[in-house]
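*Asks:* Could you slot chain B onto chain A? The hints should help.
Here are the chains, one letter per residue:
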Amino acid sequence: MIALDNVSKHFTSKRGTHHVLSDVSLTIDEGQFVCLLGPSGCGKSTLLNLIAGLDTPDQGTLAIDGKPIAGPGPDRSVMFQDSALFPWLSVRRNVDFGLELAGFRDKDERASRVETFLKKVQLWRFRDAYVHELSGGMKQRVALARALAPDPRVLLMDEPFAALDAQTRDVLHVELTEIWRATRKTVVFVTHNVREAVRLGDRVVLMATRPGRVKLDEPIALARPRTNEGDVAHYVGRIMKELRTEVEKVMREEIDDAWQPAPGAVPGSSSSGVGGGI
Amino acid sequence: MLAVGALLIGWACISRFGPWPRYMLPGPGGVALSLGHSLRTGELGRAVATSLYRLFAGYAMSSAAGITLGVMLARLSWLRAAVGPLVVGLQALPSICWLPLALLWFGLSEKAILFVVVMGSLLSITIATESAVRAVPTMYIRAARTMGARRLRLYTRVILPAALPGIVTGLKLGWTFAWRSLMAGELLYVAGGLGQLLTLGRELGDMAKVMSVMVVIVILGLGFERILFGNVEKRVRERWGYAQAEAA
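As you go down the protein sequences, you meet chains A and B in turn.
Per the numbering used here, the first sequence runs over residues 1 to 278.
Per the numbering used here, the second sequence runs over residues 1 to 248.
A portion of the hints provided could be inaccurate.
Calculated lysine to any residue pairs in the SDA-like style (CA-CA distance at most 20 Å, straight line) [as the list claims (entries may be wrong)]:
#, chain 1, residue 1, chain 2, residue 2
1, B, K234, A, L89
2, B, K234, A, W88
3, A, K185, A, L172
4, A, K107, B, R153
5, A, K107, B, G148
6, A, K119, A, Y130
7, B, K234, A, A129
8, A, K120, A, R184
9, B, K234, A, H132
10, A, K67, B, G148
11, A, K249, A, G16
12, A, K241, A, S40
13, B, K234, A, Y130
14, B, K234, A, E133
15, A, K107, A, S90
16, B, K111, B, C97
17, A, K107, B, R157
18, B, K234, A, P87
19, B, K234, A, S90
Which stretches of chain B does chain A cover? Using the computed rule of at least three CB atoms under 8 Å from a CB of chain A, they are [said to hold, decoys possible]:
#, segment
20, 136-145
21, 153-159
Far from chain B, by Cβ distances over 12 Å, these chain A residues were calculated [to be verified]:
#, residue
22, E109
23, G137
24, W180
25, A208
26, K215
27, E242
The set of hints was computed from the structure by calculation and includes no laboratory data.
Where a beta carbon is used, it is the ideal one built from N, C-alpha and C, also for glycine.
In isolation and in its complexed conformation, chain A is listed as follows (with noise of 0.2 Å):
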């Protein structure tokens, strides 16, 4: 179980002090796929990262079964909208990286293992290919593969899939549900995609901006798999409506206090720009 209490964070820049996360509190059960949802700059990465141990919290705390973070662990697992992965290594030896630095000693298990997580997402094939020589999709495959062979009790993904087509996007939907249903990890998911969300979440945390806070909490009581149509978009519509406000709030700060939204441009209709491009 991840306990987040009463979490704030902020930074300090030349415009300002910035808070990006205000009294956050949240509570993730084992084996729960969780998504964090909000539109850019609600801090749910600066969130994702405190989890990681990337960075550190100025208030509140955050704790994994009563034991409080204090840096990163290989009871963690991070993926990244970029895959991170390390162009100097064959996809078989990226994998084989992160179990050797998870501690695994025995050559002949991480080896076995490589194999089973390549094979898993579909890549074994490309066993001694080296990162250049991969698409976009791929590249998060062996991140993937990455990410469970040390076999974490919690994965974390940033946003994984954003800089991927949308057909690419729905076949790795639905691979990494099935792989979540036969490992059953605990997931947190960031995205500002709200049908990634709902397709693939038990649970939508919708997070507010400046300050970050949550600001909707939703079960999503949906069988799997899961696809676009009937019920995933009833849950669209409902969070739709109020990420509305969030993004107006967004633009009218970035751009002006007198910006107006044009009729129809914000959220609710499919075609906009915030959960379309599935």
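*Replies:* Just chain B now, with coordinates in the frame of chain A:
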């Protein structure tokens, strides 16, 4: 091949019909004869061996020290503030300018010439390493940290490999500087080596010898720079995915 042939013919023509007498500008034939002669006597072999030994020794020292210093400069801001400007400033100084001091400090010895070679290549390797390490995407470091990499392992397994393309470029540049510093040093301070052979040729008025040594210097320089470093650099850039980005 054709270009080389044309060049040789042009050279032969200038030597024969040009404004300088033959003894001042010998043709390719004369130079080839002289080359053959110094090869047979073993004079050239000894000079090449001496020069290459100095080159390798000095270069090995400056590579090791340069990479270490570069990494430290990149990661320790206080060190950068303290000696960064000094490094950039000294880099602008041609290394042969160190010779008078080196002769005072080390006397007329191998150490003096090694010092000049080291000073010639050390700082360019340091600067290249520093900028390469600073340009390592933070993404790699963050990813490695989440996987559990810390301290020494973060450097040896992630930061150094990530910076390798830039470091190789620095090593190549350092090699060129080391080679030039060595030749300048050997010309001025006579103690064996190719530079001394050049000086000897000049003193004897034997321009064929001078030019044959120049040819050897060119061949050695090309061999190491283009063939050795060129290939290593190309392969590293391909592997790291830079070559693709440039082509695109």
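*Asks:* None of the hints should be skipped; say for each whether it holds.
*Replies:* Now for the hints, and whether the structure bears them out:
1. B:K234 with A:L89: With Cα atoms ~17 Å apart, B:K234 and A:L89 stay inside 20 Å; holds.
2. B:K234 with A:W88: Distance ~14 Å between B:K234 and A:W88 Cα, so the pair holds.
3. A:K185 with A:L172: With Cα atoms ~17 Å apart, A:K185 and A:L172 stay inside 20 Å; holds.
4. A:K107 with B:R153: OK: A:K107 and B:R153 at ~18 Å, within 20 Å.
5. A:K107 with B:G148: Roughly 18 Å separates the two Cα atoms, so the pair holds.
6. A:K119 with A:Y130: 17 Å, holds
7. B:K234 with A:A129: 18 Å, holds
8. A:K120 with A:R184: Roughly 15 Å between the alpha carbons, so the hint for A:K120 and A:R184 holds.
9. B:K234 with A:H132: Within the cut-off at roughly 15 Å; holds.
10. A:K67 with B:G148: Within the cut-off at roughly 18 Å; holds.
11. A:K249 with A:G16: 18 Å, holds
12. A:K241 with A:S40: This hinted pair holds, its Cα atoms lying about 17 Å apart.
13. B:K234 with A:Y130: The hint holds at about 16 Å.
14. B:K234 with A:E133: 16 Å, holds
15. A:K107 with A:S90: 17 Å, holds
16. B:K111 with B:C97: 16 Å, holds
17. A:K107 with B:R157: This hinted pair holds, its Cα atoms lying about 18 Å apart.
18. B:K234 with A:P87: 15 Å, holds
19. B:K234 with A:S90: Answer holds: B:K234 to A:S90 is near 18 Å, not above 20 Å.
20. 136-145: Since three or more residues must qualify, the claim that chain A covers the segment 136-145 of chain B holds, with 6 doing so at under 8 Å.
21. 153-159: With 3 residues close enough to chain A, the hint holds.
22. E109: 17 Å, holds
23. G137: Since the minimum Cβ distance to chain B is about 17 Å, A:G137 lies beyond 12 Å and the statement holds.
24. W180: 19 Å, holds
25. A208: 26 Å, holds
26. K215: 28 Å, holds
27. E242: Label holds. Min Cβ-Cβ 31 Å, cutoff 12 Å.
Violated hints for the displayed structure: none, as all numbered hints are satisfied.
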